[in-house]
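These protein sequence lines map, in sequence, to chains A and L.
Counting from 1, one number per residue, gives the positions in the first sequence under our numbering.
Counting from 1001, one number per residue, gives the positions in the second sequence under our numbering.
To be clear, the hints were calculated from the coordinates, so they are not data collected in a lab.
Some hints could be false.
Stated by the list, open to error - DEER-style ranges, computed between Cβ atoms:
| # | chain 1 | residue 1 | chain 2 | residue 2 | range |
| --- | --- | --- | --- | --- | --- |
| 1 | L | PRO1153 | A | VAL124 | 18 to 28 Å |
| 2 | L | THR1039 | A | LEU95 | 25 to 35 Å |
| 3 | A | ILE217 | L | ARG1028 | 55 to 65 Å |
| 4 | A | SER65 | L | GLY1058 | 28 to 38 Å |
| 5 | A | LEU90 | L | LEU1230 | 30 to 40 Å |
Don't be surprised by glycine CBs; every beta carbon is placed ideally from N, CA and C.
If you want the building blocks of each chain, they are given just below.
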Amino acid sequence: MTPPVADVGLGQQFLNSFTFMGNNLSHLLHDTLGTLALSGAALGVALAVTLPPAMWLGHLHRGSSLAIRIANLGRSLPELGLIAIFLALLGIGFLNVMVALVIVGIPPILANAFTAIDGVDPDVVDAARGMGMSELEVLLKVEFPLALPLLFAGIRTSALFIIGASPLAAIAGGSGLGEIIVNQASYGFDGVLAASLWVAALAMLVQGLLALLQRAITPTGLKLRPDTRARIDVGVADAERVTGIEVSTV
Amino acid sequence: MGGLVIASGGSGPVIPNFGGGSSNACERNNGLFCWHWFTQHWSSTFSPALVQHIVLVGIAVGIGFLIAFALALLAYRVRWLETPIAGISSLLYTIPSLALFQILVPFTGLTLLTAEIGLVSYTLLLLFRNIVTGLREVPQEVRDAARGMGLTPRQILLRIDLPLAIPAIFAGLRVATVTTISLATVAAIVGVNEGLGVPIFDAIQRVNFKTEFIAAAVLAIALAWVADLLLVVLQRLVAPWASRRRSSLVPRAVVHAIRGRHRPISAVREA
């Protein structure tokens, strides 16, 4: 392993990486789509697996310690370690990468979905029951919309974790920008640096867009009413300490 | 770094070299976990990697905590600084780990420093937010009472605010430590030859030697759990009053304050 720095200056290395970007724009764009598709698919599976049980448990106000324990447990699993274990169990390929990224994405969704539904004002829920709503209707028509901002914050964090781990997936045959980053032999350090800068910018861009989306889906009432705010903030404090990440309510 | 071979499925025959031409059947067939190989390589490979990993994480969390603590005290005093500090640290947190380490390489080379700068920058957001939140959540009434008893601002910080913020601070430390243990494995992929990422990297180059994958990953997971447990024990020693509660996630004083009830002052004096 020879250090890639050696003979060229610091500024020159970054200039070279921008030259690489210019020369390989279509390749980079193609890999960007690959990263986005992989991350999006992993996020989708994580949502499908986690949301229904987490929301139902939150609705029943049961299994709080279970949800928190599973979320904490999941958070302590190293991304690269997961990929390594599944390399041993499942071999190289799409399935391995997918399973690892889904596991990375589950904890924030689980913690936030549970906390959000669990924290909905019980008076509102009682009122909905009094109006003759079934339990499922209460969950979907009353609790879900009220919990949406906090729930979405969890989805955003999950997206952050998945995109953060996605370049590592290249080790196990995953597509996307990571394939360039771990393949200095083919692309040279210019390519590695270019893809690194690119994926960093991509992660920030996605987070920015999700933040805007979160702002858009938060009902004005939730932004204004101080008592709702306070109640959500308690949940946020919990969720933040479980998952340890920024869980903003806008 | 130049030597990293990306193994791609079904690209012609490969000649496996599991365990260096061993006579052991498990190693020859790349069995799921060859206990014999693991014990043979414990002292030469895994034990040093584990120690390096602990040192790597210890330094990162230590330095990260000092920086985050200073920034948190600053943001606690100068309120408007909280938003820019949190913004910059969450921007750093957003960068995928593999990319951040690579971007640092032109600056600091394939050195321990590259790994540490990357790891410290990931701890900042987690620690800063928790320390500031912990300090902010101390009920105003408690502070007023302390002021009424004649405590100076410095005494209020040291005897009231910080002790009451301990559960929040420890919660941050736990998440930061576990996260750093996880991210420290990535440094080896970039080419920094330290920690439990090294055997994982090595296993890839041995055309996916399963035993080495599983051994390194399980050690990293076990390290994360042990470190988390140790921090819980440490918190019980440092702040025994905080663990008597049903949930140690949020200090009861905080819950009461937020719900509009007050914790009896006597309980605080205990603290």
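### Query
Can you give the numbers of the hints that this structure goes against, from lowest to highest?
Hint 1 contradicted; others consistent.
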